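Protein chains: 2
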Amino acid sequence: MTQAQKRAVVLLSGGLDSATALAIAKSKGYSCHVLSFDYGQRSLTELNAARQIAASLEVAEHRVLRLNLEDFGGSALTDKSIDVPEDAEDDGIPITYVPARNTVFLSLALGWAEVLHAEAIFIGVNAVDYSGYPDCRPEFIAAFEKMANLATKNGVSGEPIRIETPLIDLTKAEIIQAGMALGVDYSATLSCYQADDEGRACGHCDSCRLRAKGFEDAGVADPTRYVEA
Amino acid sequence: MTQAQKRAVVLLSGGLDSATALAIAKSKGYSCHVLSFDYGQRSLTELNAARQIAASLEVAEHRVLRLNLEDFGGSALTDKSIDVPEDAEDDGIPITYVPARNTVFLSLALGWAEVLHAEAIFIGVNAVDYSGYPDCRPEFIAAFEKMANLATKNGVSGEPIRIETPLIDLTKAEIIQAGMALGVDYSATLSCYQADDEGRACGHCDSCRLRAKGFEDAGVADPTRYVEA
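Quick mapping for you: the protein sequence lines, in order, are chains A and B. Just so we're aligned, residue 1 is where the first sequence starts under this note's numbering, counting upward by one. Just so we're aligned, residue 1001 is where the second sequence starts under this note's numbering, counting upward by one.
If you're looking for bench data, these hints aren't it; they were derived computationally from the structure. No false leads were slipped in.
Pairs of lysine to any residue, SDA-like flavour, derived with a Cα cap of 25 Å:
#1 B:1146 x A:139
#2 B:1028 x B:1174
#3 B:1146 x A:160
#4 B:1213 x B:1133
Since the model is a prediction, treat every value here as computed from it, not as a measurement.
Same shape as in the complex, but just chain A:
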């Protein structure tokens, strides 16, 4: 592997953050092996966004893994019997939290990374303009990285794997500015928790509000297509 390009597995949801994390991974010289999940989320249009982003950034490969997380229930994003809230929620962990989602996604990325001899996994988590999910915090990422190196051949062979979180300390506006500088086409990204079948955002959910404010703060025209234009 001495002459080969260094490899990274990059988690891509189709949203603004993960698209930016992918562009950053690519700008750092990684051959990017991109992983998305079809996990019963309301917005299958998110996966179409992921495919479009992966193609436009000319990644090494893009795989979509099917995961029946809706069987477990417990989240408004996967359980159709729970409504997505349209107003900001009180303190605490929101109902849109999917149980152990980043843990599950990172674990599957870890399995693939081990097979690929990848040296890093990129994930677009953010602990500034975020929804308060516990699995977006730096202390979670550090604990996952430690566990990952005990779980796999990497730790044994002395080739530790790193969990890279290039967005973790950025505001939404800073994320957008970083992505614009790297040529990310944000019109292809989809952040809404309840986009319609044509990929149009609701404009009201927590994710839409954070995104819209990010474009405003960055001084960038919002390219999002909304249901009520």
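Got chain A sorted already, so can you dock chain B onto it with the hints?
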């Protein structure tokens, strides 16, 4: 939840170890929510064994989650282009190791545990008579537990989740003796890496050898059905 029975998620492969771990969880008074995976392993008969064991131990519920780990390749257990070795391998991590398998399984168990408000996840890993997989070691389990409580609502709400490994320090013979005392029907379990379609074991692979020696050391007649009887 004060009057309700305490809950556990129990990982069940259909093998000897996980069947014993399930019987132990039940004996400790847990309502057992059992999780198995259809992850492209060679032995789908393993899943039939899991269903039979779950039914005979009268668990609260049993779910089988489909996971396309074979897409990643890299293991003789999921990649049909790699032969399962029939002789003991040299030192090091064997080719039958599935990348990040226990990490992935525990992560999905964690998501379900969070929804169920379960207080424990049981996994039948063993660091004595085992195949040298890194994700069977006590230090891996401890790191996973720490990560899990940072990842989920549990850690935030002050209801930490425990990863229970009742077999970790037992020899295979001790595992069998513990299971016999709890009424486990080992004739229903399947440990072979390459069982035939009728659930008969090869008798030669690493898993078969460890199991046969366990029955011998325990002084228990081996109930395994072998291809060459």
